[in-house]
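Visitor: Listed here are the chains, written in short residue letters.
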Amino acid sequence: MDPLTARRGDSTPSDQASGGRLRTLQTIGIFCGLTAGAWLGAAEAPTKLVTIGISPVVVSLAMVVGVFVARWSLPALIQGTSYIAADLRQAPHLIVWAILAGCLWATANTLTIFAVRDVGLSIAFPLWNSNSLLGILWGIVLFDELRGADWRHWLGVVGGALLMFVGAMTLALASSAQAPAHDALRGVIAALAAGVLWGTMYIPYRKAYLTGMGPLSFITFFTIGELGMMTAIAVWLSGGVAPLMHQLSNVSAVLFWLMLGGFVWVVGDLFQQYAVKYAGVTRGIPLSNTNQLWGLLWGILVFGELQGGTQSLYVKVIGGSIVMALGALVIALSSVKPGEHERWKARAAREAERYGVDSEFTRARVEGLTTGGVAPKRSWVDWAIVSAATMTLAGFGLLARTPDIPFRWESCAVLLGALLVALVGCGLALWRVTKFN
Amino acid sequence: MTPASKPRVGRSLLILSDVQFWIPVGVLAGGLLVLGWIH
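Here the protein sequences come in this chain order: P and E.
Numbering-wise (the numbering used here), the first sequence opens with residue 1 and increments by one.
Numbering-wise (the numbering used here), the second sequence opens with residue 438 and increments by one.
It should be emphasised that the hints constitute simulated quantities derived from the structure, not laboratory data.
The structure presented is a predicted model; accordingly, all values stated were derived computationally and were not measured.
Each residue gets a CB set at the ideal place from its N, CA and C atoms; glycine is no exception.
Keep in mind that a hint or two might mislead.
A short list of chain P residues far from chain E (calculated; beta carbon distances all over 10 Å) [said to hold, decoys possible]:
| # | residue |
| --- | --- |
| 1 | Arg21 |
| 2 | Pro92 |
| 3 | Leu111 |
| 4 | Trp151 |
| 5 | Met245 |
| 6 | His246 |
| 7 | Ile322 |
| 8 | Arg343 |
| 9 | Thr370 |
| 10 | Ala384 |
| 11 | Asp404 |
| 12 | Ala413 |
Label-pair distances were calculated between CB atoms; the ranges are [unchecked claim]:
| # | chain 1 | residue 1 | chain 2 | residue 2 | range |
| --- | --- | --- | --- | --- | --- |
| 13 | E | Leu470 | P | Thr27 | 39 to 45 Å |
| 14 | P | Gly417 | E | Val462 | 40 to 46 Å |
| 15 | E | Ile452 | P | Ala85 | 19 to 25 Å |
| 16 | E | Val456 | P | Ala384 | 22 to 28 Å |
| 17 | E | Ile452 | P | Val386 | 30 to 36 Å |
| 18 | P | His246 | E | Gly463 | 30 to 36 Å |
| 19 | P | Gly159 | E | Ser449 | 37 to 43 Å |
| 20 | E | Ile452 | P | Val141 | 29 to 35 Å |
| 21 | E | Gly463 | P | Asp358 | 30 to 36 Å |
| 22 | P | Val315 | E | Gly463 | 40 to 46 Å |
Make the full structure from the sequences, and use the hints.
Guide: Here it is, written out as structure tokens:
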């Protein structure tokens with residue numbers, strides 16, 4: 001039976017079971033997108049440090065070092081390096097794609113720091129979050145997402161993304177009065193360029209997940225491109241290795257906070273990767289872009305932004321947030337139906353054929369199942385990686401001092417509590433249903 | 438022949454002949470140009 005032409009009445013018990021699993025995976029993908037939004041929003045908090053005069057390049061490099069530490073230690077802790085090695089044997093060509101995605105990320109992240117410096121977080125944030133619109137375009141054009149979906153789903157995804165964009169722009173307008181504007185044009189171009197880079201980064205993401213590589217394996221190689229590109233950019237823009245080392249030693253007391261921001265970012269990105277895998281680019285990325293709402297919450301509640309504003313300011317902030325949340329809700333309700341999912345599977349089969357990947361591996365992984373029959377085990381290598389990561393963070397933590405910026409610890413504790421609830425809830429669901437595949 | 442044992446040259450050619458590969462490469466080059474200009 002051709003799955004693309006199968007009618008409802010022709011479905012077998014196996015089809016129905018598969019449909020039930022599809023719905024479960026979709027729901028998990030949507031929750032992963034929302035959890036990603038919360039964690040990615042929190043990770044933007046350390047970029048506030050540019051406002052106390054730290055070089056954007058140093059901020060970006062320190063965050064990427066934290067990202068590197070997290071991207072090696074979390075996969076080692078969750079699945080073990082044997083799982084990653086097994087993935088690598090199945091689809092070795094994806095190493096190139098992962099490294100390329102890492103290069104895109106590092107360049108985009110550096111651009112965002114320049115954007116925050118020049119136009120402020122509240123304007124830069126919605127501009128680079130336009131990446132979800134580009135991500136949707138690539139998802140439709142290159143990966144057959146939304147093909148086979150009815151008009152309501154098209155309207156839900158595209159309309160929802162546009163609603164989120166309108167909400168984001170309203171939030172930007174609301175806080176523009178408080179933003180520093182050293183060089184507005186440069187900042188706006190930097191933010192838009194970052195959006196294009198991040199929107200295009202979803203091509204390698206989707207490519208990897210359609211072929212069957214697990215997010216934990218993908219990010220392990222992704223970070224090689226990320227750290228390599230970031231180091232090259234930092235040396236280039238700082239005028240050499242010696243000036244860069246000098247700048248880093250001058251800010252050693254705040255490096256820990258930047259690395260911690262990178263670590264938090266990876267947790268959010270990991271959920272974003274699972275959202276892309278199980279809900280697709282067209283749903284996963286807009287949902288994870290609710291990070292702007294969380295960024296706003298951190299800004300207002302923890303850093304005391306927008307204090308003493310006019311009534312019109314608060315109307316714009318509340319209105320923009322509601323419109324953005326509505327957009328996310330509309331997208332979350334536009335779940336993938338079996339017809340569209342069959343298109344995904346057909347696309348995955350073409351990828352597997354092109355690159356000579358075992359079609360059984362690809363099929364099982366698209367459905368979040370383990371292949372090979374032997375569960376991956378952790379070895380001393382994994383524990384050595386986790387120990388080294390912990391000691392690195394602890395070492396920088398000992399050197400750290402609290403930056404001299406307004407900070408409300410009580411609000412921070414409440415937001416951290418919300419992050420932990422989302423982490424535990426979504427993490428447990430992922431483990432039960434997919435074993436983090 | 439397993440994917441890992443495929444000749445590397447063959448795999449590289451497959452990647453280089455994939456149109457989807459050149460889109461991120463082009464965007465990355467553009468991003469680096471913008472970064473150089475902004476800096």
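Visitor: Determine which of the earlier numbered hints do not hold for this structure and return their numbers in increasing order.
Guide: Structure breaks hints 2, 3, 16, 20.
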